[in-house]
Amino acid sequence: GEDVEQSLFLSVREGDSSVINCTYTDSSSTYLYWYKQEPGAGLQLLTYIFSNMDMKQDQRLTVLLNKKDKHLSLRIADTQTGDSAIYFCAEDTGTASKLTFGTGTRLQVTL
Amino acid sequence: GAVVSQHPSWVICKSGTSVKIECRSLDFQATTMFWYRQFPKQSLMLMATSNEGSKATYEQGVEKDKFLINHASLTLSTLTVTSAHPEDSSFYICSATGTASTDTQYFGPGTRLTVL
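In order, the protein sequence lines correspond to chains R and L.
Using the numbering used here, you'd call the opening residue of the first sequence number 1 and step up by one each time.
Using the numbering used here, you'd call the opening residue of the second sequence number 1001 and step up by one each time.
Calculated from the structure, these hints are not laboratory results.
Treat each hint with caution, since some may be false.
[Said to hold, decoys possible] Heads up, simulated SDA-like pairs for lysine to any residue below, C-alpha to C-alpha not over 25 Å straight-line:
(1) K68/R <-> D54/R
(2) K98/R <-> F1091/L
(3) K98/R <-> G1098/L
(4) K36/R <-> Q1038/L
(5) K70/R <-> Q1042/L
(6) K1041/L <-> Q80/R
(7) K98/R <-> L1046/L
(8) K1041/L <-> P39/R
(9) K1041/L <-> S84/R
(10) K1041/L <-> S11/R
(11) K1041/L <-> L111/R
(12) K1041/L <-> R106/R
(13) K1041/L <-> A85/R
(14) K1041/L <-> D3/R
(15) K36/R <-> E1022/L
(16) K36/R <-> F1039/L
(17) K1041/L <-> Q44/R
(18) K36/R <-> S1089/L
(19) K98/R <-> L1068/L
(20) K98/R <-> E1022/L
(21) K36/R <-> L1026/L
(22) K1041/L <-> L8/R
(23) K1041/L <-> R75/R
(24) K36/R <-> D1027/L
(25) K98/R <-> Q1042/L
(26) K1064/L <-> S1005/L
(27) K98/R <-> H1007/L
(28) K1020/L <-> N1051/L
(29) K98/R <-> K1020/L
(30) K36/R <-> L1046/L
(31) K36/R <-> P1109/L
(32) K36/R <-> R1024/L
(33) K98/R <-> T1075/L
Kindly generate the complete structure, drawing on both the sequences and the hints.
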C-alpha cells in the first residue's frame, strides 16, 4: 500500500517559523494537500499545490514541493498559539478523488 | 461556501444496537462522499466511497454488512453502524466533493461514537 510519512511531533515558540515535512509515495499524484485538525474536530483544508509547481505561498503558509524526492513541506511563518493542532498532508490517488493521508504531525506552540 | 455537517456530533450506545450517522453538504451538491474513521492519535482511514444513487465502494477490510452506507441524494449520505461493539468506538468523519472534476474534499466536523 501507499505510505505517506510525517514526523510525529513538532514544538516551536510563538513567533518562530514552523516547518512540517511529508514524504509521499505516489509520483502520479496531481494535487498534494495540507489539512489542519484541531482536537475533536474535522479537517480544515489549509492549502494545496498542483504537482507541476515547486512552491505556493498563501499568507503565512508556504508549501514547497520536491517531486524528485517526493517531499512536501509546509512552512508556517510567525507561528501563533492558535496554530497548535495536528497537520496532515494528503495526496490524491487519481482515482475518484480518493486521498491518502499522512500519519499526521502534532504541532505544539509554546509561549 | 462548501460546508459539510454531520449529525450527531457524538453518540453513546449500548453494544448490539445500531447507530446512524448523517453527513450533509449544506451549500453544494455532493456527487461523491467519503467516510473515514480515525482512532485516537492516528491518521484517517478511508472506509468507503459513495456516489449518489449507486452502491458504495468499500475499502479492503471494511465489512459492508456492518457499515451500511446510503447516498440517497446529492446532499445526504448516511453511515449506519449495525450491531455496534466496543471496538467500533471511534471518530467517524465524512467528506464530500462537488460536481467539478477538480473539486477537493470538504470535511465534516466528525462524529464520536462510543459503544458501551
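Do the hints match the structure? See the list:
{"no.": "1", "hint": "K68/R <-> D54/R", "result": "holds (11 Å)"}
{"no.": "2", "hint": "K98/R <-> F1091/L", "result": "holds (19 Å)"}
{"no.": "3", "hint": "K98/R <-> G1098/L", "result": "holds (13 Å)"}
{"no.": "4", "hint": "K36/R <-> Q1038/L", "result": "holds (14 Å)"}
{"no.": "5", "hint": "K70/R <-> Q1042/L", "result": "holds (22 Å)"}
{"no.": "6", "hint": "K1041/L <-> Q80/R", "result": "holds (22 Å)"}
{"no.": "7", "hint": "K98/R <-> L1046/L", "result": "holds (9 Å)"}
{"no.": "8", "hint": "K1041/L <-> P39/R", "result": "holds (10 Å)"}
{"no.": "9", "hint": "K1041/L <-> S84/R", "result": "holds (15 Å)"}
{"no.": "10", "hint": "K1041/L <-> S11/R", "result": "holds (17 Å)"}
{"no.": "11", "hint": "K1041/L <-> L111/R", "result": "holds (24 Å)"}
{"no.": "12", "hint": "K1041/L <-> R106/R", "result": "holds (9 Å)"}
{"no.": "13", "hint": "K1041/L <-> A85/R", "result": "holds (12 Å)"}
{"no.": "14", "hint": "K1041/L <-> D3/R", "result": "holds (17 Å)"}
{"no.": "15", "hint": "K36/R <-> E1022/L", "result": "holds (22 Å)"}
{"no.": "16", "hint": "K36/R <-> F1039/L", "result": "holds (16 Å)"}
{"no.": "17", "hint": "K1041/L <-> Q44/R", "result": "holds (17 Å)"}
{"no.": "18", "hint": "K36/R <-> S1089/L", "result": "holds (23 Å)"}
{"no.": "19", "hint": "K98/R <-> L1068/L", "result": "holds (19 Å)"}
{"no.": "20", "hint": "K98/R <-> E1022/L", "result": "holds (20 Å)"}
{"no.": "21", "hint": "K36/R <-> L1026/L", "result": "holds (21 Å)"}
{"no.": "22", "hint": "K1041/L <-> L8/R", "result": "holds (10 Å)"}
{"no.": "23", "hint": "K1041/L <-> R75/R", "result": "holds (22 Å)"}
{"no.": "24", "hint": "K36/R <-> D1027/L", "result": "holds (22 Å)"}
{"no.": "25", "hint": "K98/R <-> Q1042/L", "result": "holds (18 Å)"}
{"no.": "26", "hint": "K1064/L <-> S1005/L", "result": "holds (23 Å)"}
{"no.": "27", "hint": "K98/R <-> H1007/L", "result": "holds (23 Å)"}
{"no.": "28", "hint": "K1020/L <-> N1051/L", "result": "holds (18 Å)"}
{"no.": "29", "hint": "K98/R <-> K1020/L", "result": "holds (23 Å)"}
{"no.": "30", "hint": "K36/R <-> L1046/L", "result": "holds (17 Å)"}
{"no.": "31", "hint": "K36/R <-> P1109/L", "result": "holds (12 Å)"}
{"no.": "32", "hint": "K36/R <-> R1024/L", "result": "holds (21 Å)"}
{"no.": "33", "hint": "K98/R <-> T1075/L", "result": "holds (19 Å)"}
Checked against the numbered hints listed earlier, the structure breaks none of them; every hint is satisfied.
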